[in-house]
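Q: Quick mapping for you: the protein sequence lines, in order, are chains B and G.
First residue of the first sequence: 152, per this note's numbering; consecutive thereafter.
First residue of the second sequence: 380, per this note's numbering; consecutive thereafter.
A hint or two may mislead.
Stated by the list, open to error - Each computed EDC-like pair below joins lysine to aspartate or glutamate, with the alpha-carbon atoms no more than 16 Å apart:
no., chain 1, residue 1, chain 2, residue 2
1, B, Lys212, B, Glu171
2, G, Lys420, B, Glu171
3, B, Lys200, B, Glu215
4, B, Lys212, B, Asp159
5, B, Lys254, G, Glu438
6, B, Lys212, B, Asp236
Because the hints were derived from the structure by calculation, they are not lab data.
Remember, predicted model here, so these are calculated numbers, not experimental data.
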Amino acid sequence: AQSVTQPDIHITVSEGASLELRCNYSYGATPYLFWYVQSPGQGLQLLLKYFSGDTLVQGIKGFEAEFKRSQSSFNLRKPSVHWSDAAEYFCAVAPVIRTGGFKTIFGAGTRLFVKA
Amino acid sequence: GAVVSQHPSRVICKSGTSVKIECRSLDFQATTMFWYRQFPKQSLMLMATSNEGSKATYEQGVEKDKFLINHASLTLSTLTVTSAHPEDSSFYICSARRDSSNQPQHFGDGTRLSIL
């Protein structure tokens, strides 16, 4: 069965430090991959997506993610974290199924804390 | 970018009341809309998938008669929580997607439902 694993429940980084949030997926073929961010009490905002092509994708707010097929990973990175980046981050997978539609599967989320 | 509006953002009502939540795609036609429920500090749980003009597809364990979903147009889906009870209190989030397998989901800001 398809699954998404975010190994870290929460991460704390200092403002200005670099960030990497891990995401691993389990699926028979390369799925579509997404990262979303959720601020408290709000919905989810799409940060970036990967469908095909260049394995390093750029997103909004200075985030990027790299797809590594050999590791079944799609880790999210940011070179320098800002206090406003504190939020919950969800990795998501969208396998294409033959009926033409698909369901997005979400990881459990990683909560990012930023300290001054 | 694509905008999804969800209304109301917060509802507090008495047990036994029915509550309707609206989800609108403001600048694109959403053939498919999704309804999620999110418990505190947890990931999103897909409740149902609705396609415009057809019956919603509910996930296992979700009561169809309890959570009525209507997707009458390409820009509007509604979720009605019928005869709500305290255990229905939760954060409900909708998302919308253009009918293409390479399109991401765009999320509303969620509705905080509190049943007294």
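Q: Keeping to a limit of 16 Å between CA atoms, is the pair of Lys254 (chain B) and Glu438 (chain G) held or broken?
A: holds (11 Å)
Q: Between Lys212 (chain B) and Asp159 (chain B), does the CA-CA distance stay at or below 16 Å?
A: Since the Cα atoms of Lys212 (chain B) and Asp159 (chain B) sit roughly 21 Å apart, the hinted pair is violated (cutoff 16 Å).
Q: Lys212 (chain B) and Glu171 (chain B) were given as a pair; does the straight-line alpha-carbon distance stay at or below 16 Å?
A: holds (14 Å)
Q: Assess, step by step, whether the Cα of Lys420 (chain G) is no farther than 16 Å from the Cα of Glu171 (chain B), and give holds or violated.
A: violated (20 Å)
Q: For a C-alpha distance cap of 16 Å, please report whether Lys200 (chain B) and Glu215 (chain B) respect it.
A: holds (10 Å)
Q: Would the hint linking Lys212 (chain B) and Asp236 (chain B) be met if the CA-CA limit is 16 Å?
A: Since the Cα atoms of Lys212 (chain B) and Asp236 (chain B) sit roughly 9 Å apart, the hinted pair holds (cutoff 16 Å).
The structure fails hints 2 and 4 (numbered hints given earlier, in ascending order).
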